[in-house]
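Q: Chains as they are written, first to last, in my numbering: chain U, 94 to 448; chain F, 94 to 448; chain C, 94 to 448.
Please note: incorrect hints may appear among the correct ones.
Heads up, the list lumps identical chains together, so a pair's fine if it works in one copy or across two of them.
[Stated by the list, open to error] Straight line, CA to CA, 20 Å or less: simulated SDA-like cross-link-like pairs of lysine to any residue:
1) Lys369 <-> Ala395
2) Lys297 <-> Ala198
3) Lys369 <-> Gly118
4) Lys369 <-> His379
5) Lys369 <-> Ile250
The hints are simulated quantities; they were obtained by calculation from the structure and are not laboratory data.
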Amino acid sequence: MSVRTPSPKERRAYSLREIVARFGGEVRGEDSVIVEQVGTLESAQPFHISFCSNPRYQRLLHRTRAGAVIVGRETADLTALPRIVCDDPYTYFARLSAFLNPPVAVGSGVHATASIDPSVQVDASAWIGPQVAIGPGATVGARTVIHAGCSVGENVIVGADCVLHANVSIYHDCVIGDRVILHSGAVVGADGFGIAWDANCWRKIPQIGRVVIADDVEVGANTTIDRGALDDTIIEEGVKLDNQIQIGHNCRIGAHTAIAGCVGIAGSTRIGRQCKIGGSAMIGGHLEIADNVEISGAAAVAKSILKPGTYTALFPLARHQDWLRNASHIRHLDALAGRIRELEARLAEMERNPS
Amino acid sequence: MSVRTPSPKERRAYSLREIVARFGGEVRGEDSVIVEQVGTLESAQPFHISFCSNPRYQRLLHRTRAGAVIVGRETADLTALPRIVCDDPYTYFARLSAFLNPPVAVGSGVHATASIDPSVQVDASAWIGPQVAIGPGATVGARTVIHAGCSVGENVIVGADCVLHANVSIYHDCVIGDRVILHSGAVVGADGFGIAWDANCWRKIPQIGRVVIADDVEVGANTTIDRGALDDTIIEEGVKLDNQIQIGHNCRIGAHTAIAGCVGIAGSTRIGRQCKIGGSAMIGGHLEIADNVEISGAAAVAKSILKPGTYTALFPLARHQDWLRNASHIRHLDALAGRIRELEARLAEMERNPS
Amino acid sequence: MSVRTPSPKERRAYSLREIVARFGGEVRGEDSVIVEQVGTLESAQPFHISFCSNPRYQRLLHRTRAGAVIVGRETADLTALPRIVCDDPYTYFARLSAFLNPPVAVGSGVHATASIDPSVQVDASAWIGPQVAIGPGATVGARTVIHAGCSVGENVIVGADCVLHANVSIYHDCVIGDRVILHSGAVVGADGFGIAWDANCWRKIPQIGRVVIADDVEVGANTTIDRGALDDTIIEEGVKLDNQIQIGHNCRIGAHTAIAGCVGIAGSTRIGRQCKIGGSAMIGGHLEIADNVEISGAAAVAKSILKPGTYTALFPLARHQDWLRNASHIRHLDALAGRIRELEARLAEMERNPS
Chain U
94 MSVRTPSPKE RRAYSLREIV ARFGGEVRGE DSVIVEQVGT LESAQPFHIS FCSNPRYQRL
154 LHRTRAGAVI VGRETADLTA LPRIVCDDPY TYFARLSAFL NPPVAVGSGV HATASIDPSV
214 QVDASAWIGP QVAIGPGATV GARTVIHAGC SVGENVIVGA DCVLHANVSI YHDCVIGDRV
274 ILHSGAVVGA DGFGIAWDAN CWRKIPQIGR VVIADDVEVG ANTTIDRGAL DDTIIEEGVK
334 LDNQIQIGHN CRIGAHTAIA GCVGIAGSTR IGRQCKIGGS AMIGGHLEIA DNVEISGAAA
394 VAKSILKPGT YTALFPLARH QDWLRNASHI RHLDALAGRI RELEARLAEM ERNPS
Chain F
94 MSVRTPSPKE RRAYSLREIV ARFGGEVRGE DSVIVEQVGT LESAQPFHIS FCSNPRYQRL
154 LHRTRAGAVI VGRETADLTA LPRIVCDDPY TYFARLSAFL NPPVAVGSGV HATASIDPSV
214 QVDASAWIGP QVAIGPGATV GARTVIHAGC SVGENVIVGA DCVLHANVSI YHDCVIGDRV
274 ILHSGAVVGA DGFGIAWDAN CWRKIPQIGR VVIADDVEVG ANTTIDRGAL DDTIIEEGVK
334 LDNQIQIGHN CRIGAHTAIA GCVGIAGSTR IGRQCKIGGS AMIGGHLEIA DNVEISGAAA
394 VAKSILKPGT YTALFPLARH QDWLRNASHI RHLDALAGRI RELEARLAEM ERNPS
Chain C
94 MSVRTPSPKE RRAYSLREIV ARFGGEVRGE DSVIVEQVGT LESAQPFHIS FCSNPRYQRL
154 LHRTRAGAVI VGRETADLTA LPRIVCDDPY TYFARLSAFL NPPVAVGSGV HATASIDPSV
214 QVDASAWIGP QVAIGPGATV GARTVIHAGC SVGENVIVGA DCVLHANVSI YHDCVIGDRV
274 ILHSGAVVGA DGFGIAWDAN CWRKIPQIGR VVIADDVEVG ANTTIDRGAL DDTIIEEGVK
334 LDNQIQIGHN CRIGAHTAIA GCVGIAGSTR IGRQCKIGGS AMIGGHLEIA DNVEISGAAA
394 VAKSILKPGT YTALFPLARH QDWLRNASHI RHLDALAGRI RELEARLAEM ERNPS
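Let's have the full structure, built from the sequences with the hints guiding it.
A: Structure (structure tokens):
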């Protein structure tokens with residue numbers, strides 16, 4: 094596992110024929126064309142293979158300099174370039190990009206400046222970078238890479254094939270599964286926001302649960318996941334968290350749910366499997382979100398959502414002057430509705446007694 | 094002060110009789126029952142004492158495996174378990190949990206990998222962890238613990254009995270009181286966002302104030318508090334800040350105010366005492382918020398609030414199709430209101446001149 | 094370049110006469126008055142020069158203890174204090190403050206605890222602080238200061254006269270221009286949120302672009318800027334980013350745009366030059382924002398904005414009881430509008446056939 098993509102010298106090249114033999118799809122045009130890297134339609138050069146999955150970028154097909162492209166069946170005839178036609182160009186591109194950009198090995202061992210308690214168990218194939226600190230009783234699995242400046246607390250278990258990017262902090266007793274990626278500045282296991290008003294000040298409630306992160310989770314930069322107050326906070330397998338997300342104590346995020354940046358989820362909320370939550374959404378505490386729920390960006394969720402579907406709450410953007418004129422009526426909507434009711438009653442009365 | 098909760102071996106057990114002798118309340122059922130830890134109704138085992146303060150969890154009282162529970166007077170008869178009856182079960186639980194989970198000592202001294210300027214004054218009872226950096230002229234008080242990777246700038250004063258979790262950054266000249274907890278990734282004293290447009294570019298305004306944090310404040314993970322432009326940014330005693338909060342330069346947060354995660358407060362705003370601010374709220378700059386104001390989650394505050402009370406601004410969540418149909422009218426509310434006025438005028442005219 | 098402002102001993106004092114000789118403007122009152130530091134109207138002492146640019150603080154002119162003030166022409170007669178009269182008091186103050194508070198040199202060299210790969214090129218005039226880690230192939234320019242705990246990845250280029258405050262993380266291959274300031278906890282170059290659904294789980298898409306930051310950019314504390322998926326994420330010259338901002342992969346932020354705290358910008362969005370984006374705004378992905386657009390705080394932007402101007406989307410704050418009564422109607426606006434249409438039709442019918 095590595096922190097970087099292969100340099101040009103480390104890359105290999107493949108013909109379209111070799112690519113469809115491995116990943117399926119059908120070549121149209123010259124199948125001996127050789128590509129070695131993926132690229133955007135806009136910036137690709139002849140050794141790149143590009144893709145087109147978003148209709149808004151179709152116009153770029155005509156002027157791309159890519160050597161080949163990946164397209165869907167409905168787009169197959171919009172270009173004369175050598176192309177791979179498949180059902181889902183974006184997923185095809187994702188698989189191919191992963192194949193062309195395998196992780197680069199970073200070696201194993203412990204950097205001289207790392208501070209590791211003698212009781213820590215580090216697998217011989219793991220790499221512990223400079224300025225890292227690992228507390229007593231922790232475990233680091235096979236081929237895991239811990240980059241500069243990370244802090245791994247007492248008794249933490251980090252699984253195999255994980256990558257902790259620079260300056261990640263994991264508090265005591267938390268558990269990280271296999272193939273987990275934690276980006277820089279992520280904080281796992283800080284105390285939940287547990288306070289009780291006691292006479293004349295807030296009393297802190299000890300947060301004695303843990304954070305347990307299952308396999309194949311990715312946690313974005315500066316995302317924070319608080320430890321449980323009593324029970325654990327749980328991130329199930331395959332969850333993908335973008336940057337700057339806050340997950341409160343005792344939340345449970347269901348398997349394969351994807352959450353975009355800047356989302357806040359208050360304590361004790363349970364989110365189902367395969368949900369998609371848009372950026373800057375906010376979800377209140379002690380709620381239940383069903384499986385397969387999609388929440389639009391910037392929506393605030395104050396009640397449980399028990400049925401799958403897409404949910405939205407977006408104040409329409411307007412020129413400031415228009416907003417000024419329209420938004421003020423929101424403070425009087427109840428009065429407006431009352432005036433409509435009254436008009437209806439008066440009109441009905443006139444219709445009954447026309448003269 | 095410590096970074097972890099006591100392990101089972103370090104815990105002691107107490108009878109309900111001993112507990113009420115110490116904390117008040119009344120035992121119903123067998124008062125010799127022994128408990129050693131707090132737990133949720135859902136997960137408790139017989140050596141746990143649980144609690145019920147939220148009506149939505151009352152149904153769990155019937156199937157909990159806890160050895161005892163803490164309940165309010167109105168809930169006292171909903172269970173046959175040995176129980177402590179009191180006025181405020183949540184605060185009772187908070188006190189008991191703090192008693193059962195005292196901080197674990199971490200020792201004192203300076204880790205071999207810490208980098209401490211010779212001019213720094215570290216109390217002999219403090220602990221400076223691995224990979225820490227402390228700049229010239231700084232002071233660290235008695236029993237304070239500074240965990241791995243923290244940076245404490247030039248001339249910073251950190252009081253007694255503080256805990257700085259891993260990878261906290263404090264800029265030069267800031268002042269931290271006693272019993273302050275700073276969670277991982279918190280940044281205290283970065284430059285405020287002070288810029289002035291000067292001909293053809295932004296000119297940076299030196300930020301020469303400090304951040305001054307009073308006693309008993311807790312600052313969540315990845316929360317940022319900017320230093321003042323000229324005067325100081327001030328966090329008064331007992332303030333509790335959750336994760337990912339941004340506090341702009343020259344703000345003053347009144348004593349015992351609690352702010353939930355992801356809140357942003359722009360510069361020079363003053364927030365009163367004992368306010369509660371919900372998650373993801375946003376408060377504009379140069380505002381005044383009175384004491385005892387409660388702001389609901391996700392509300393944007395653009396004007397000062399001079400009277401206590403609860404304030405809300407939440408766009409109602411809806412299924413996306415319903416939102417599409419309804420939200421578009423917001424852009425025309427002023428026209429709708431005009432049509433209602435016109436209908437009223439025409440109807441009044443008809444009522445005056447019926448034929 | 095330095096991390097602190099000059100101490101009183103390091104400061105020099107200037108007469109108003111010397112100041113206007115350097116910066117322009119006109120003195121009214123005694124021009125031999127000596128000042129040595131800038132201060133607010135509220136807290137200034139006689140050796141301070143203060144300023145008044147915001148009408149809401151004019152009342153403080155009467156009771157300030159400042160030795161002198163900077164005022165606009167329209168305010169020139171509101172005080173009898175020695176004063177500098179100029180066109181734009183805020184910019185004047187900004188220039189003067191920068192002059193009175195020049196950066197303090199911190200010396201050069203590499204701290205003994207820093208970990209620097211032998212292949213790194215560090216200019217002899219740069220300073221690398223304690224606990225820093227710099228990966229193979231990186232370059233650090235002249236007079237640049239890298240504070241404690243920063244991580245600079247493989248092949249990163251950091252220009253001249255930059256300041257990286259404590260605990261900044263820069264991933265491999267990113268490029269930082271000259272005179273760039275990165276505040277603590279900022280993360281540059283973490284993987285963008287690139288995932289594709291593949292059968293039964295999310296597949297990660299390698300993020301092979303970089304982040305390229307141009308000259309004179311400032312990045313706030315805990316702000317994150319993701320690397321591009323294929324092409325680069327680009328921050329043009331003079332951009333000012335406040336704290337806790339998230340910029341998604343492949344965004345381009347135009348020159349001299351200023352973005353306030355807690356803003357989230359989703360991937361592939363292009364923002365024009367000299368825009369101003371208010372705190373906690375949220376901008377969706379794949380959008381185009383023109384030059385000179387101003388977006389109000391807390392607005393969510395879901396469509397491209399092709400014309401300059403100020404745009405707003407703020408749900409009006411209200412007392413909670415008033416909000417309850419009014420907001421519920423938003424879910425029925427379409428029905429309300431229908432009832433108005435129907436009333437209009439029925440009334441028109443009655444007006445046509447009065448009896």
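Q: Output the numbers, in ascending order, of every earlier hint that fails for this structure.
A: 3 and 5
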